[in-house]
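Peer 1: Letter by letter, the chains look like this.
Number of protein chains: 2
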Amino acid sequence: MPEQQLLKPTEWSYCDYFWADKKDPQGNGTMAGFELLLQKQLKGKQMQKEMSEFIRERIKIEEEYAKNLAKLSQNSLAAQEEGSLGEAWAQVKKSLADEAEVHLKFSAKLHSEVEKPLMNFRENFKKDMKKCDHHIADLRKQLASRYAAVEKVRPRMPGWEKAAMVRTGQSMTVALALPGDDLMRCVDLYNQAQSKWFEEMVTTTLELERLEVERVEMIRQHLCQYTQLRHETDMFNQSTVEPVDQLLRKVDPAKDRELWVREHKTGNIRPVDMEI
Amino acid sequence: MPEQQLLKPTEWSYCDYFWADKKDPQGNGTMAGFELLLQKQLKGKQMQKEMSEFIRERIKIEEEYAKNLAKLSQNSLAAQEEGSLGEAWAQVKKSLADEAEVHLKFSAKLHSEVEKPLMNFRENFKKDMKKCDHHIADLRKQLASRYAAVEKVRPRMPGWEKAAMVRTGQSMTVALALPGDDLMRCVDLYNQAQSKWFEEMVTTTLELERLEVERVEMIRQHLCQYTQLRHETDMFNQSTVEPVDQLLRKVDPAKDRELWVREHKTGNIRPVDMEI
Numbered sequence: 001m002p003e004q005q006l007l008k009p010t011e012w013s014y015c016d017y018f019w020a021d022k023k024d025p026q027g028n029g030t031m032a033g034f035e036l037l038l039q040k041q042l043k044g045k046q047m048q049k050e051m052s053e054f055i056r057e058r059i060k061i062e063e064e065y066a067k068n069l070a071k072l073s074q075n076s077l078a079a080q081e082e083g084s085l086g087e088a089w090a091q092v093k094k095s096l097a098d099e100a101e102v103h104l105k106f107s108a109k110l111h112s113e114v115e116k117p118l119m120n121f122r123e124n125f126k127k128d129m130k131k132c133d134h135h136i137a138d139l140r141k142q143l144a145s146r147y148a149a150v151e152k153v154r155p156r157m158p159g160w161e162k163a164a165m166v167r168t169g170q171s172m173t174v175a176l177a178l179p180g181d182d183l184m185r186c187v188d189l190y191n192q193a194q195s196k197w198f199e200e201m202v203t204t205t206l207e208l209e210r211l212e213v214e215r216v217e218m219i220r221q222h223l224c225q226y227t228q229l230r231h232e233t234d235m236f237n238q239s240t241v242e243p244v245d246q247l248l249r250k251v252d253p254a255k256d257r258e259l260w261v262r263e264h265k266t267g268n269i270r271p272v273d274m275e276i
Numbered sequence: 001m002p003e004q005q006l007l008k009p010t011e012w013s014y015c016d017y018f019w020a021d022k023k024d025p026q027g028n029g030t031m032a033g034f035e036l037l038l039q040k041q042l043k044g045k046q047m048q049k050e051m052s053e054f055i056r057e058r059i060k061i062e063e064e065y066a067k068n069l070a071k072l073s074q075n076s077l078a079a080q081e082e083g084s085l086g087e088a089w090a091q092v093k094k095s096l097a098d099e100a101e102v103h104l105k106f107s108a109k110l111h112s113e114v115e116k117p118l119m120n121f122r123e124n125f126k127k128d129m130k131k132c133d134h135h136i137a138d139l140r141k142q143l144a145s146r147y148a149a150v151e152k153v154r155p156r157m158p159g160w161e162k163a164a165m166v167r168t169g170q171s172m173t174v175a176l177a178l179p180g181d182d183l184m185r186c187v188d189l190y191n192q193a194q195s196k197w198f199e200e201m202v203t204t205t206l207e208l209e210r211l212e213v214e215r216v217e218m219i220r221q222h223l224c225q226y227t228q229l230r231h232e233t234d235m236f237n238q239s240t241v242e243p244v245d246q247l248l249r250k251v252d253p254a255k256d257r258e259l260w261v262r263e264h265k266t267g268n269i270r271p272v273d274m275e276i
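Here the protein sequences line up with chains A and B, keeping their order. Heads up, the first sequence stops at 276 in UniProt numbering, and the numbers go up one at a time, no gaps. Heads up, the second sequence stops at 276 in UniProt numbering, and the numbers go up one at a time, no gaps.
Please keep in mind that the hints were generated in silico from the structure rather than gathered at the bench. Every residue gets a Cβ at the ideal spot worked out from N, C-alpha and C, and that includes glycine. Since no wrong hints were added, every one of them can be taken at face value.
For lysine-lysine, the following DSS-like pairs were computed, each having C-alpha atoms within a straight-line distance of at most 30 Å: (1) B:Lys-71 - A:Lys-49; (2) A:Lys-40 - A:Lys-23; (3) B:Lys-45 - A:Lys-94; (4) A:Lys-250 - B:Lys-43.
Label pairs and their computed distance ranges (CB to CB): (5) B:Lys-105 - A:Gln-246: 22 to 28 Å; (6) A:Glu-64 - B:Lys-22: 45 to 51 Å; (7) A:Gly-27 - B:Lys-105: 52 to 58 Å; (8) B:Gln-221 - A:Lys-105: 28 to 34 Å; (9) A:Ala-137 - B:Lys-105: 55 to 61 Å; (10) A:Ala-79 - B:Glu-217: 16 to 22 Å.
The task is simple: from the sequences and hints, build the whole structure.
Peer 2: Below is the structure:
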């Protein structure tokens, strides 16, 4: 028999590599190659969900951090410091509220631009995969039952070797003196079912392959969105320090002294000697 | 009497404005002008301490944030993602540990470069101020007792107006037919005490003034150190995102498919028709 060429050489395509069943390592039974592809799809959906949950955890951490910074910024420690130093100190405190704001915005965007899309991508995926699964499984059942029909009709002749099973891809030769109509019809029906299964396998596995490429792309894009948000956040955070630096440059001990002395002076008349 | 010139005109110097006592608003007694200056010094020390405590609170917030990020980075969500996407995801998680490290370093430097110096600056300040206080108070007591001595010796003549008190800076004229030796000696002693008090007032208030300028400068420098650390931290934090971006650029669905198919393929022999 002529050697088969891969349908999509060099592409490691799903449609080329999952024809045979997989033996169950535990011992009993087998699993269709197609099942492995389906499991991979479902695992991919699970990964997407878990990544979304991870982002949710990050969001919680950011919200906690923001809450703590906002609270501390309201603290009244050293609030009595006055003058230009007092103003600079007040801005140090305010900058914490600004930082809190930056981190709150970050967490909000993490939610709307990363967590949510990751969670909601292909909401009905499991259902779709189930349909897929049943569809192919039905075709396999059909194939199996038509194989059984052939076996039933095929006469058993002693001495004739049983040909290798169709699953190894070698043709099944049934040697008979007179092939009966029944047998021919059963073989025909079998081949039709196999043809149908074959077609659907190629179509469906290629679709799953496409879905997986899309999934990886979607995740990549959203993780890029994540890093973009991280970059932005660090930049916004940097800008909260600028007003503090400005006020620190304006700190003037002499001016502060003037302010304080003007307010608290008791009297500038110096004592003079007592005279007789 | 000639008009007094300020000792340090335009400088709003402590040595010019705190000669008189301040009336206690509550009603009884007075407080020396000098006391106000001392209180300001002690308040300044309190401000320094409170600023240090504020920084401590910031440190605690940073440590909590770092701890949460480090913990989340160890989380196993989506750890089963494989291939180039799996690597990028693993780096997303690792980057949280890198961020945690950045914030821990930040908190450590906040402690050693801001919190600690602010807390420890002039550890013995209160003691020093107490000495100061007692020193000037002793000179005032001396002055008061020598004033009392003059009063005791000064004869009371009906009809003579009592001259204005020395505290308003007008000379006390004592009209007598014959100023006695006792009186002259008492007035002399008084003037000596006043001279001493005057000198110490000028010296000490100028010293307090200098200390206050130093305090403001010290705080300003350490707050600048704070903003410097903030800048650095945001920059280091930005750099933790770079390795993630690199791996995201390398995400390749086709390569990931090849990897997975090589490992999980069941068989590439396609079925052929059954033949009779």
